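**Student:** Now for the letters of each chain:
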Amino acid sequence: MRPTPTRPTSAPPGTAAPLVVVATGLGLLALAARPAAPAGIALTSALAGAAAWLAPLPAHRGARPPGTWAAAAGIGLVAVAIARLVAGPPAGSYDAAAVAAAVVAAVAEEAFFRRLVHGWLEPLGPVATIVLGAAAFAAVHLPAWGPSALPVDLAAGVLFGWQRWASGTWTASAATHVAANLLQVIA
Amino acid sequence: MGRRAGRRWLLWGVGVALAYVAVWLSAATAPAILLDGLLPGEPYRRARHPWSPFPFGQPALSGVASLPMEAGGSAPGSVPTADGQAVVVVPRGGFPGQPGGASVVVTIAPLHLRSVPPPPPGTVFDGNAYRVEARYDPSGLPAAPARRLTLVLSYPVHAEEVMRLDSGVWTPLPTTVFPVVQKLFAEPEALGTFVAASPAGRFHRPQPWWPYAAAGGAAVAAAAAAWWAAARLRELAAENRA
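These protein sequence lines map, in sequence, to chains A and P. Residue numbers for the first sequence follow our numbering, so the first one is 1 and each next one is one higher. Residue numbers for the second sequence follow our numbering, so the first one is 1 and each next one is one higher.
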């Protein structure tokens, strides 16, 4: 594994941990119970994403060099592009509001799972962090999509988690997640 | 650190990406590549009765596609209606080869509900019926699938199962429901006429208000808790500096 520069936190993480646990639990509940309408999805996701963006993190690895970010993002983008090429046309048509909500939801979910959840689980080690983050990611999609969606969302969560671990930042997985959602709603 | 160890992270990434593609290819819920942010689309298009004098709204559209023949049968393909409300996904070898059949032409035609038999007692239809047919080209002979197809039907309000018309009787098919995108997935072993249906008592069930309140309240509370935590950390940092 590469050397991992550590970014110090601004204060002892134990002080804020209970509040972060509460925020994470409420965020998971909000993402799982998102209303089906585009505005509801966008607003709820944005609020959960804002919570994840505001929440403090314990000391964690800093971002890797740009080349590593590009490799991590590139592998994810190729994977979703292959899936889209084999999938054929989207099963439905979507308006601008739906496309915007898909983008907002993708960015917010990555901020939540790959910044907040991954950041606090990171002391458990990369494998446990990635797997637990992917499990939480798949779990919040169960109410809407049912158990048949679990394998795909779990695999996608592992892919996004690896991107987060490899690049040291959640933006690589956010770019891939946005691309995956857009490839689903744009013919 | 050795050169091999330095690149191990990249090999892990390629492996994870390949695993994702493999899981997706084997998933029963294709064609969605990430079952995540899909959302309700345009208003549902209703099939017009042939005699209807009221040309209001956008009519439901049909779909047609030609699948070329390969060594083991028809090539794989997706046959959507032009409005995307019905999609038939044909796997590789979905239709067997036949002499004189260079390809299989699959058609999907929306039908007004008055054009089909009524639903079984205690059941209501939600959406148009769709007739799915396949014929070899150029012979024009009907083609029967050799493997199960995937049928995706959109519904406008509430549906829980796909039904197929068999000898004048509607038969429910094992169905997977995706309420967020209001779609039903079924895997019929034969072609015919299909429709989305629901138990009558649930059709007009009002949308509950509490999921909206719970999701909004939880998200606001999460943002407040995170903001509070961040502010508390800033205070502690300032006290430490002082």
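Worth flagging that the hints you see were computed from the coordinates, not collected in a lab. Fair warning: this is a prediction, and the values are worked out from it, not measured in the lab. We put the CB at the ideal spot given by N, CA and C, even for glycine. Keep in mind that a hint or two might mislead.
As the list claims (entries may be wrong) - Per the computed footprint, the stretches of chain P lying under chain A, defined by three or more beta-carbons under 8 Å from a beta-carbon of chain A, are:
1. 7-14
2. 225-231
Claimed, not checked - Partial list, derived from the structure: chain A residues whose beta carbon lies under 8 Å from chain P:
3. L29
4. L47
5. A55
Said to hold, decoys possible - Calculated from the model, a selection of chain A residues having no Cβ within reach of chain P, i.e. all distances over 10 Å:
6. A33
7. T44
8. R61
9. P65
10. G76
11. P123
12. A149
13. Q163
14. A175
**Student:** Determine for every hint whether it applies to the structure shown.
**Tutor:** To see whether the hints hold, each was checked on the structure:
no.	hint	verdict
1	7-14	holds (count 6)
2	225-231	holds (count 6)
3	L29	holds (4 Å)
4	L47	holds (4 Å)
5	A55	holds (4 Å)
6	A33	violated (4 Å)
7	T44	violated (5 Å)
8	R61	holds (12 Å)
9	P65	holds (12 Å)
10	G76	violated (7 Å)
11	P123	holds (18 Å)
12	A149	violated (4 Å)
13	Q163	violated (7 Å)
14	A175	holds (14 Å)
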